[in-house]
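Dock the two chains into a complex; use the hints.
Protein sequences appear in the order of chains A and B.
Every position in the first sequence, counted from 1, becomes a number in my numbering once 179 is added.
Every position in the second sequence, counted from 1, becomes a number in my numbering once 487 is added.
By construction, these hints were calculated from the structure, which means they are not laboratory data.
Keep in mind that the hints are not guaranteed to be accurate.
Between beta-carbon pairs, the in silico distance windows are [what the hints assert, rightly or not]: (1) L309(A) / F503(B): 23 to 29 Å; (2) N491(B) / F266(A): 47 to 53 Å; (3) F489(B) / L330(A): 57 to 63 Å; (4) S686(B) / V319(A): 24 to 30 Å; (5) P737(B) / L273(A): 52 to 58 Å; (6) M488(B) / F334(A): 58 to 64 Å; (7) E953(B) / A267(A): 56 to 62 Å; (8) L271(A) / E953(B): 53 to 59 Å; (9) N491(B) / A267(A): 51 to 57 Å; (10) L857(B) / L224(A): 50 to 56 Å.
For glycine and all other residues, C-beta sits at the position ideal for the given N, C-alpha and C.
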Amino acid sequence: MRFSNLVIGAFFIALAIGIIFLSSGFDASAGQRFGPGLFPTCTALLMGAAGSALFIKALLQREVRPWVELADWWREKRLVLNGASIFATLLLYLFFSEVVGFLILVPLLLWGLIALLWGRVWTALVIGVLASLGIHLFFVELLKVPLPWGLVPYFKLL
Amino acid sequence: MFENIAHAAALVFDPFTLFVILVASVFGLFFGAVPGLTATMATALLVPVTFFMDPIPAIGAIIAATAMAIFAGDIPSVLLRIPGTPASAAYTDEAYAMTKKGNAELALGACLVFSVIGGLFGTIVLAFSAPLLADFALQFSTVEYFWLGCLGLTCAVFVARGEPLKGVCSLAFGLFLAQVGIDVVFGQPRFTFGNLNLSGGIDLVPALVGFFAIPELIRNVTANYGRVEIAEQKLTSIFRGQWELIKKYPWNMLRGNMIGVLIGALPGAGADIAAWVSYAVSKRFSKEPEKFGTGHIEGLVDSGAANNSALGGAWVPALVFGIPGDSITAIVIGVLYMKGMNPGPTVFINTPHMVYALFLVFFLANLLMLPLGWLAIKFARRLLSVPREVLMPIILIFCIVGAYAIENNIFNVWVMLGMGVIGYLFEENGVPTAPAILGVVLGKMIEENFMQSMIKAGGNIGGLFERPIGGTIGALTLTLWAAPIAWLIWRRATGSRSA
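With the rest of the complex left out, here is chain B (with noise of 0.2 Å):
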């Protein structure tokens, strides 16, 4: 283990990996303030960049981009009322209230403080627990994969926003582009129109660069911003009363932390839904609920910590399953594959330097956040005031030549086009998008899983049910399955009988 360990350190602490963390930190600390521009739009851009690097500065430059991304979407919440990605949303009008009773120091400085922590132990939980689950998870066959994605899926159109049936279309539409390409098991070409660039399926890197940041641009030029009014406060001494803060507020933040992590690990539910919730948890069981709303930092603690916390746990699920606990992972499975790193029990026993040195990655980016937030809050004003019409365009050819650049292939262009188009009118008509691009990462694991194991079982479907784990997992999906419709014919008979 020690060896692994060192092994580990050393990939980490090489001057090249710490050079992209630092970059990649920056890069995520500038998505993150400036509105409009998310950490998954960050995650998606970074991706045709780690594809020329080596597995752990690539990891590294993701796990760093996106945990200073978290963060720093906090900084436009509390100066603007802006919040800088989804995951600052819930707590925005709570920090700006803040700001207007003059207290924008001690709000920025609570948001990088708990953030860090709440990382921190997102951190400390995926090191823990990974390692054990994925000690479990060693038990497990074709069966049992088979259902943890189909369980996986169904969590994903559970927790997404919005109405459960466009849910239900998103991830339909994902699977469906999941199959397009030559069958891996029985070699058939399937909806490729006799086209050479579909054999080999839609390609992951364009199709999410064109669902995240298509869609994020033309709302960004569509939009009347105006001239942005950042709140004029002194903001050099955010790191003073944050102390008190801790010894006042433990059990938020522990809380925080925890429906984080948790949260982070559903499939489909990230960042922004574990904020949402924790602010919800925080105003219902707090001491003084009537001062929510008016500029009272409590609910920052709990979601601050939140939304960095689940970050951590959303890796659980992801390194142990292959299974997406949101958005970004989803993007990152696709990398771990690229980079030999395939999600699963077995990366533990084969390249346990690896898993070691993801974690330090963690680590690291979590700890470096602490510096380079405070200077990312102290040149706040500069930040904020880049004007979003020089950004965009730039954005866009950096897609493009993203896109390109994965198989130097100018038909990926193309397909980042059309999936950017289809995100776009997705958003537009309330469809969640995070079901679909589950659909896309799970469709392919599902499908041989299932057909192996029709294999070993001679066709007979009765195997699906066979082992102890598998039938179990296999049960409480299809009871997921069934819940909905036992919901609503419940729901009728009760209705009927009291009219």
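Okay, chain A solo, but in the shape it has when bound (with noise of 0.2 Å):
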């Protein structure tokens, strides 16, 4: 996803702003010309000072691009569907790691997406399922990690 340079500058402004309006909600502290908030402003002052020449040279160039521009990729469906599975793994680890375990959730994810990638599904659950017992006998039993176990126990129970 491609930003015009005004677009960019824009936001680096606006996020200047803001640093600024939360700065000035910081104790100033007793008997010292500098407070907490002095570094903040002078960042958001770098930031937005840099943000509005970006801007002002993108509207004195008269920029043509579109503001916002989508990379190649976006025209191909598989590529696309390929860029969510990175962000889709992602976030189903995050919502659901905790209850259903790594030992599961992780084998599942992984086949899904060496599936998905590289077509050939038996292969992607073969290597998903080794992978997965790799990595969490790497971090669980030599590193020390406590990766979440999740519902693995009440398989043990069965």
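Structure follows, in structure tokens:
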């Protein structure tokens, strides 16, 4: 997703205004000339100045580019799906990993993702399961990272 | 000193450390050789793993992986005409032109041999210059560190690719991210919006993983690569003819090494810029400039040495002042802090054995590059045939778990996702990412040093110019800030006069 310099400049100006607004609420410290709002304000001024210069430069140059332009890959459904699958995987992990557990969720996610990108469904399943077990072993057994177990203990009880 | 070196050797030649260096080397070779995976991404992915190690294996893993990755990026350049990492992009066409002439073996051999020489040169410069600089830096106070940080950020904007204004926006964005969390001087929560997870600030590791890995993952899965055609050539005697090249181009080799070290030491400029500059200089001063672009080895000698020597160069300001020379050392500084090896001149006094161990790892990694690089070239076809459609999903899961593992907190995965989206949008829109990363790393250091200087000076801003070294660096920084404005005014004035 490509934005014109007008939009990029405007975005940084808006962000700078937001930072200045929020910084104005920071408590001034007693007896000090400089408080916790100083650096955020300076940062916002720098950002605002650069954003304004970018905006004005684009205005003066009469930039002909549309405000928002989609990258070439947006024209191919398959590639859009591929891109979306990365975000979908991340979101699914974020929302369901605690409930479902790493050892159940990740093989499914990897299977789906590899099958979608590569097209070989059964090989994808084998790779997905093996890679998940490998990552789990490495992080849980070797590095002692407590990855979420989710429903796995219930399966053990059965 | 000898006691410290012996202590350092014991740390480095510990079987576990050697094993970690070996595994990280293979990891780096793989990441470098597969187009789309970069040395920075390899470093970012290694950090969560190194979190659980002692300092020397942790740092050793990063040094070995990055050195190998920078060299291995040359393999697909020669065989596929696709740079494995951005550091190989400068001479990809030249290298592939050599392959088309049937000289792939010579090109790959030169890439390996001159990478090793460049890496060793960078290490020697690091080992000799860092302690001297550290000795000098012992006189530094918070004022000098404040100005050095500002100078570092200024350099990062100047040398960043693309439009400088976007570089400034990127830098300011990085500085803003560094301010999120409880302010360490006044204890004021800033930009946390009541979220407890943000009180400690944005964790550097998930942010870096998101910033570097997620955009590359998206780029990889949304690109139409098709089937790769690997050049069919014999790759058995890659060392044949290399000694003749060293004898024929000694000045090119030395020049490439020196350019690499100098550019590497500049904040924001890394191995890729070193390679581009070195290749251009090689062509400019060549006796046969007309041969460049037709499969001429001279440019490869210069730039192949430059990109690996830049790695050592980038470590000099990182280790002595805590100012990263490139994106990789920006990540490394985070790791050094995590491991209690806070960069700065005192690290040379408090833990000299660690510093010597670090130098030893550099030597070892660059020497290991020779046999391991030879093996990587031998198995290049297999390496390049690994389907990216399988690799990318596994890397994604690795990113998720890596971001989570730092604090065992799912919030860090959100941070990674957010930073990944921002990183992707930045890259798509020509906003350079290096200034933002430097802003994140240096933001806190600059603010803390400024506040401490002001407390010492009783709020008098003139205190920033009272010390000779600090005042000089300050004046230099202010001159650099004023230079673009002065240049613009001068150009307007001379333009209107000539009109």
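Hints versus structure:
1. L309(A) / F503(B): 23 to 29 Å: Holds, since L309(A) and F503(B) (Cβ atoms, about 26 Å apart) stay within the stated range.
2. N491(B) / F266(A): 47 to 53 Å: Given a distance of about 50 Å, which is inside 47 to 53 Å, the answer is holds.
3. F489(B) / L330(A): 57 to 63 Å: With Cβ atoms ~59 Å apart, the hint holds.
4. S686(B) / V319(A): 24 to 30 Å: At roughly 28 Å between Cβ atoms, V319(A) and S686(B) fall inside 24 to 30 Å, so the hint holds.
5. P737(B) / L273(A): 52 to 58 Å: holds, 56 Å
6. M488(B) / F334(A): 58 to 64 Å: holds, 59 Å
7. E953(B) / A267(A): 56 to 62 Å: At 58 Å between Cβs, range holds.
8. L271(A) / E953(B): 53 to 59 Å: holds, 58 Å
9. N491(B) / A267(A): 51 to 57 Å: holds, 53 Å
10. L857(B) / L224(A): 50 to 56 Å: Roughly 52 Å apart at Cβ, these two residues keep to the hinted range, so it holds.
The structure is consistent with each of the numbered hints, conforming to all of them.
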